[in-house]
Amino acid sequence: MWYQGSCHCGAVKFEVEAPETIACEECNCSICAKFGYLHLIVPASRFRLLQGESSLTEYTFNTGTAKHLFCKVCGVKAFYVPRSNPDGYDVNVRCLDPPPATLVIEPFDGRNWELHGDKLAHKSKEP
Amino acid sequence: MVIFGSCHCGNIGFALDWKSQPAEISARACTCTFCTKHGGVWTSCPTGSLAIAVKDPSRTSRYAFGTMTADFHICTHCGVVPVVTSTIDDRLYAVVNVNAFENVDESLLKRSSSTLEGEETADRLARRKRNWIAEVRFVQSLSPLNPGIG
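Chains A and B are the protein sequences, given in the same order. Numbering follows our numbering, with no gaps: position 65 of the first sequence is 65. Numbering follows our numbering, with no gaps: position 128 of the second sequence is 128.
Hints listed in this document are in silico derivations from the structure and should not be mistaken for laboratory results. Be aware that a few hints might be false.
Okay, derived cross-link-like pairs now, DSS-like style, lysine-lysine, Cα gap no bigger than 30 Å in a straight line [said to hold, decoys possible]:
hint : chain 1 : residue 1 : chain 2 : residue 2
1    : B       : Lys55     : A       : Lys72
2    : A       : Lys13     : A       : Lys119
3    : B       : Lys19     : B       : Lys110
4    : A       : Lys67     : B       : Lys19
5    : A       : Lys125    : A       : Lys67
6    : B       : Lys129    : B       : Lys19
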């Protein structure tokens with residue numbers, strides 16, 4: 001099914017295709033912890049930015065691979081391009097309107113990225 | 001205990017002096033529309049004191065909505081919101097984001113969710129006066145308080 005999503009002020013709107021029950025990762029790395037980010041990583045074909053490209057700003061650090069995008073107005077990080085899957089999108093389940101009926105949250109040890117990063121690589125591949 | 005916290009890039013930092021050693025620190029995941037999307041988890045110590053330091057004010061913004069009585073301090077460089085302030089009767093009150101903490105062990109946190117929807121504005125402000133940090137000041141630098149910061 002296609003979920004609608006947005007930042008808080010409404011400048012950024014997107015849609016993403018995902019199952020009714022969403023399994024997501026909660027990562028403990030330095031940046032994800034600050035947002036309590038809940039990761040839904042999808043192939044590029046399952047994500048559409050509907051509006052607000054000009055309202056997004058980009059933050060990078062460390063390897064610079066991940067493009068951390070957030071709304072200039074309200075600061076909400078609704079989606080970004082993740083280091084694990086630079087060919088896909090990583091949607092913040094917190095920003096889905098309405099939230100999924102069932103949400104399964106798995107911890108992800110991103111603090112030890114070198115040990116675990118490749119476990120997510122399949123998520124952006126087209127089936 | 002002095003709790004240090006910051007956004008990811010370090011532009012907005014804070015030092016919360018709890019004035020004593022807390023047995024536990026309440027960590028309230030607010031269910032409002034903003035905090036749900038921002039992952040905001042807040043705490044405060046009404047008898048503590050808070051110092052906030054901003055390195056580059058041009059890379060910050062304040063966001064308000066709803067009753068427009070609280071300012072969410074956003075780092076516009078990295079997007080993180082470490083602090084919320086509210087001015088009530090000419091006094092600045094604040095809560096800090098537990099997710100921005102740098103030196104607190106998870107075992108000290110008592111996590112809960114907090115739903116304040118429907119609260120009248122007067123009740124909201126009265127609750128903040130009771131529960132939020134009542135001694136809040138902006139400082140040039142936190143380094144005098146935290147020798148670990150260069």
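Proposed proximity, Lys19(B) with Lys67(A) (alpha carbon, max 30 Å): Given that 30 Å is the threshold and the Cα spacing comes to 40 Å, the pair is violated.
Distance restraint between Lys129(B) and Lys19(B), which requires alpha-carbon spacing of 30 Å or less: Satisfied, since the Cα-Cα distance of roughly 18 Å is no more than 30 Å.
Pairwise hint evaluation, Lys110(B) against Lys19(B), where the allowed Cα distance is 30 Å at most: holds, 19 Å
Lys55(B) paired with Lys72(A) [C-alpha distance capped at 30 Å]: The hint holds at about 19 Å.
Distance restraint between Lys13(A) and Lys119(A), which requires alpha-carbon spacing of 30 Å or less: Status holds; Cα separation ~29 Å.
Restraint check for Lys125(A) with Lys67(A), where alpha carbons must lie at most 30 Å apart: holds, 18 Å
Taken one by one, the earlier hints fail for this structure only at number 4.
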